[in-house]
Amino acid sequence: MTFRIHSPVLAVLITSAVCGACGESAQPANAPAATAAPTTNPVDPATAGNITGSVKLEGTPPAADTINLSSDDYCVKNATTKTTKVYVVDGGGLQNVFVYVKDGLGNLKFPVPTTPVVLDQQGCWYTPRVFGIQVGQPFNIVNSDDTLHNIHALPMSNREFNRGQKLKGEKYQTVFTVPEVMLPFKCDVHRWMNAWVGVVAHPFYAVSGAGGTFELKGLPPGTYTIEAWHEKLGTQTQTVTLGAKESKPVAFTFKI
Amino acid sequence: MRHRFAALVAASTAVLIFAGGLVTSTESGLSVPDWPTTYGYSMFTFPLSKMVGGIKYEHTHRLIASTVGFLIVILAVWLWRAEPRRWVRRLGYIALAAVITQGVLGGITVLYYLPDPISIAHASLAQIVFSLTMTIAIVTSPGWMGAYSTRGAPPNDRLLQRIAIVTAAAVYVQIIIGATMRHTGAGLAIPDFPLAFGHLIPPNWDEKIAIHFAHRVGALIATVCVLATTGHVIYHHRDRTELVRPSILLLALVATQVTLGALTVLTRKDVLINSLHVVTGGCVLATTVVLALRAHRARFAGVLNAGSKERDAGSTQQDPAYDRSLRNTGAIRAAGDHA
Numbered sequence: 001m002t003f004r005i006h007s008p009v010l011a012v013l014i015t016s017a018v019c020g021a022c023g024e025s026a027q028p029a030n031a032p033a034a035t036a037a038p039t040t041n042p043v044d045p046a047t048a049g050n051i052t053g054s055v056k057l058e059g060t061p062p063a064a065d066t067i068n069l070s071s072d073d074y075c076v077k078n079a080t081t082k083t084t085k086v087y088v089v090d091g092g093g094l095q096n097v098f099v100y101v102k103d104g105l106g107n108l109k110f111p112v113p114t115t116p117v118v119l120d121q122q123g124c125w126y127t128p129r130v131f132g133i134q135v136g137q138p139f140n141i142v143n144s145d146d147t148l149h150n151i152h153a154l155p156m157s158n159r160e161f162n163r164g165q166k167l168k169g170e171k172y173q174t175v176f177t178v179p180e181v182m183l184p185f186k187c188d189v190h191r192w193m194n195a196w197v198g199v200v201a202h203p204f205y206a207v208s209g210a211g212g213t214f215e216l217k218g219l220p221p222g223t224y225t226i227e228a229w230h231e232k233l234g235t236q237t238q239t240v241t242l243g244a245k246e247s248k249p250v251a252f253t254f255k256i
Numbered sequence: 257m258r259h260r261f262a263a264l265v266a267a268s269t270a271v272l273i274f275a276g277g278l279v280t281s282t283e284s285g286l287s288v289p290d291w292p293t294t295y296g297y298s299m300f301t302f303p304l305s306k307m308v309g310g311i312k313y314e315h316t317h318r319l320i321a322s323t324v325g326f327l328i329v330i331l332a333v334w335l336w337r338a339e340p341r342r343w344v345r346r347l348g349y350i351a352l353a354a355v356i357t358q359g360v361l362g363g364i365t366v367l368y369y370l371p372d373p374i375s376i377a378h379a380s381l382a383q384i385v386f387s388l389t390m391t392i393a394i395v396t397s398p399g400w401m402g403a404y405s406t407r408g409a410p411p412n413d414r415l416l417q418r419i420a421i422v423t424a425a426a427v428y429v430q431i432i433i434g435a436t437m438r439h440t441g442a443g444l445a446i447p448d449f450p451l452a453f454g455h456l457i458p459p460n461w462d463e464k465i466a467i468h469f470a471h472r473v474g475a476l477i478a479t480v481c482v483l484a485t486t487g488h489v490i491y492h493h494r495d496r497t498e499l500v501r502p503s504i505l506l507l508a509l510v511a512t513q514v515t516l517g518a519l520t521v522l523t524r525k526d527v528l529i530n531s532l533h534v535v536t537g538g539c540v541l542a543t544t545v546v547l548a549l550r551a552h553r554a555r556f557a558g559v560l561n562a563g564s565k566e567r568d569a570g571s572t573q574q575d576p577a578y579d580r581s582l583r584n585t586g587a588i589r590a591a592g593d594h595a
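Chains as they are written, first to last, in my numbering: chain A, 1 to 256; chain B, 257 to 595.
None of these hints come from the bench; they were simulated from the model. Please note that a few of the clues may not be correct.
For lysine-lysine, the following DSSO-like pairs were computed, each having C-alpha atoms within a straight-line distance of at most 30 Å [unchecked claim]:
1) K306(B) / K166(A)
2) K77(A) / K171(A)
3) K312(B) / K166(A)
Pulled out of the complex, with its shape left as it was, chain A reads as follows (with noise of 0.2 Å):
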């Protein structure tokens, strides 16, 4: 009887590592920045522009969780934050709030940065919790902590990943080959660990930052749709047109 079992089962556990052993290879791992880059820049520096802006949040935003660690006893004695997040006020203004051009620049085709965003596993939580990648741009995920972690990509249109980093100092690097805003990640070993990034095909994007001010440099003469999202608030579209080296102001205001 258990050679009548045995050679079905190694069959099916066979098939299954070659499917996993495929669904790893087709993941972009280790394959920095393939995506080809335009071979000039179309932005004529003479005549580019900035927008320049702050994000307000009007309202008082809910108090901070306190988020339990006891979970993992390294997170209990070095986390950064043993609160949420989510709401980053400073003075007024809104932080982590992503801005990017969501419509206007065309077919232009700019060129990709070889220098990696990284995203760092520190603390227990991800630093920074949000920011923005170009398409094609390497991605790195490190992992700082003494303690196991999995960084678990969630996207709707790039390639999802879930890859374990179990000791301090381990990287993981990667591209992302579609534009989408915004993919989250998420770690499962620590619930409360979150992150979200804009992939985009262009270079205009910011992250609100103190006094929730952001600024997006460079842009060619045009008219532009801006967007700012939010993890909870959402989104709002704002529309600028821009003159060869003028330098406009938008302002976004979140209400809770």
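Using the hints provided, position chain B relative to the given structure of chain A.
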């Protein structure tokens, strides 16, 4: 002895289902990204010190699953070597095939990031494995071997047999809907209970609300079926303890299950309550299977004080090995002990 071991396997399967419930309740299913290894370690050498966060739930689930798989291998081999009834031996093989399939489904669901159909199949097959091990425990028990004959021949009540099977089927369909709800994230699609958005019928519909509402309607149908079966037993067969006991247990389990279901919504999916809801669902199914099996006992071989020609004729032709074992041992109960 074989019966006790089978009962142990069934109990360990229930523990495994509870552990699986904890994995989904804590959303830890992908906290270990690789399979069959755990962060590159062999499953059994993964250091306890590294069992942190969601890994605790997922890796423990894997360890319990391996143990249950090993126990079912032993059970299947034991039945193969020692069980005279061919159909019982086959039950052992089916349980073994089911638990291996279950393990592979568990692996695939991890490697492919919890695809809903695979995760739902994994959750639904778990209940089949539990019911199979429970069935083996029942049909190897002294009571079954003795045809529950202390109060005369077991009843051959066709109506009871039919409604008991319909009840088991209704409960299983309800479990599949529950697994679908769980794995599609529809557990709180209707946030209030017992009403739905303040109404008897949800005023707005989407896919998740439909799945959630189907689970509530399924609970109602399953409960009606259980009440019909247990009511029939208590009204018509109150002297048959082998039927009355599981009926009373079934009523208690259904009451518990409905309460846990309500609390799952009201506590916004508390981990413990949610997981208990999963395993109690399994217990409800297993009890309906036990009741259905016992309701059909008269139609199996080896019934004392046979009152039905049909039964006798069918039994000796269907299961000569069983009768041979009876001839060898001289008494059905002795045959049960021997088995």
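Tested hints:
A hinted pair counts as satisfied when its Cα atoms are at most 30 Å apart, and K306(B) with K166(A) qualifies at roughly 9 Å. Using a Cα cut-off of 30 Å, the hinted pair K77(A) and K171(A) holds, with the two alpha carbons roughly 23 Å apart. As the CA atoms of K312(B) and K166(A) are separated by approximately 14 Å, the hinted pair is consistent with the 30 Å bound.
The structure is consistent with each of the numbered hints, conforming to all of them.
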